[in-house]
Amino acid sequence: MPTEKVNEATRREWRKLGFFYDRDDKTKEWLIRGSRAGLLEFSRILLEYSRNPHRQQLSEHDHLGPYMYLKIGTWSARIIDDHWIAGTSDDLAVLSTLITERISKAKEGDMVRLRQAYAPASPYELRLEVCGDEFDPAVADKACW
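Under the working numbering, think of the first position of the sequence shown as 874, with each following residue one higher.
Treat the hints loosely; a few may be bogus.
Stated by the list, open to error - Mimicking SDA-like on lysine to any residue, the simulated pairs with C-alpha atoms at most 20 Å apart in a straight line are:
1. K980 / G1005
2. K899 / K980
3. K889 / A910
4. K944 / K878
5. K978 / Y940
6. K899 / K1015
7. K878 / R888
8. K878 / L890
9. K978 / G1005
10. K944 / D895
11. K1015 / M874
12. K899 / R1000
13. K944 / E998
14. K1015 / D898
15. K980 / L913
16. K944 / R986
17. K889 / L937
18. K889 / E921
19. K1015 / L913
20. K901 / Y942
21. K944 / P996
22. K901 / Y940
23. K944 / K978
24. K978 / K899
Think of the hints as simulated: they come from the structure by calculation, not from any bench.
All chains, please: the whole structure from these sequences, using the hints.
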């Protein structure tokens, strides 16, 4: 069991990230949960990754969040699976734009699914959950309380 010091560090990392994520292998989906600002931060991270010249080679990737198991990566095709959310730099820029467009129209409580629009042949769904402005991503992580 983690110490309170470790749990507090984990909560700080969630808050710095701005959104919560989890992967459900039974339902085969990635959940990204956050306020509109937090979900737009996820979009910004994707766009920043797509513009990074050091991330052009296949298999390049970044790990996100306190547990580091959400990976954004460079691949030859669009993919959402248990390993990562990946594509070419252009693909990831498209995903960033899709997220920004969908979140700008979404209301609190909406679920935005992106597999069909981004990578329809992928085994996993990418689901964004729009929460209120007061959403604290650390509270969503039951393991750090």
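Quick rundown of the hints versus the structure:
For the suggested pair K980 and G1005, the alpha carbons sit about 9 Å apart, so the restraint of at most 20 Å is met. Distance restraint check for K899 and K980: the Cα-Cα separation of roughly 27 Å exceeds the 20 Å cut-off, and the hinted pair is therefore not satisfied. Pair hint K889 plus A910 holds up; C-alpha atoms about 12 Å apart against a cutoff of 20 Å. Note on K944 and K878: the hinted pairing is violated, with a Cα-Cα distance of about 26 Å set against a maximum of 20 Å.
A hinted pair counts as satisfied when its Cα atoms are at most 20 Å apart, and K978 with Y940 does not qualify at roughly 30 Å. At most 20 Å may separate the alpha-carbon atoms for a hinted pair to count; K899 and K1015 meet this at roughly 19 Å. Between K878 and R888 the alpha-carbon distance is near 15 Å, which keeps this suggested pair within the 20 Å criterion. For the given pair, K878 sits about 19 Å from L890 by alpha-carbon distance, which is consistent with the 20 Å threshold.
Between K978 and G1005 the alpha-carbon distance is near 14 Å, which keeps this suggested pair within the 20 Å criterion. Between the alpha carbons of K944 and D895 the distance comes to roughly 12 Å, so the proposed pair stays at or under 20 Å and holds. Restraint check: the Cα-Cα separation between K1015 and M874 comes to about 13 Å, which is no more than 20 Å; the hinted pair holds. Between the alpha carbons of K899 and R1000 the distance comes to roughly 14 Å, so the proposed pair stays at or under 20 Å and holds.
Between K944 and E998 the CA atoms are separated by roughly 15 Å; this keeps the pair inside 20 Å, and the hint holds. Between K1015 and D898, the direct Cα distance comes to roughly 18 Å. Compliance with the 20 Å bound is thereby established for this hinted pair. Restraint check: the Cα-Cα separation between K980 and L913 comes to about 14 Å, which is no more than 20 Å; the hinted pair holds. Among the hinted pairs, K944 with R986 is consistent with the structure: their alpha-carbon atoms are about 18 Å apart, no more than 20 Å.
Distance hint between K889 and L937 is fulfilled; the C-alpha atoms sit about 11 Å from each other, no more than 20 Å. Proposed proximity of K889 and E921 is supported: the alpha carbons are some 16 Å apart, at most 20 Å. Straight-line distance between C-alpha atoms of K1015 and L913 comes to about 23 Å, which puts the hinted pair past the 20 Å bound. A C-alpha spacing of about 15 Å is found between K901 and Y942, which places the hinted pair at or below 20 Å, so the restraint holds.
At roughly 16 Å between alpha-carbon atoms, K944 and P996 fall within 20 Å of each other, so this suggested pair holds. Between K901 and Y940, the direct Cα distance comes to roughly 19 Å. Compliance with the 20 Å bound is thereby established for this hinted pair. Proposed proximity of K944 and K978 is contradicted: the alpha carbons are some 26 Å apart, above 20 Å. In summary, the hint linking K978 to K899 is not supported, as the alpha carbons are separated by about 29 Å, beyond the 20 Å threshold.
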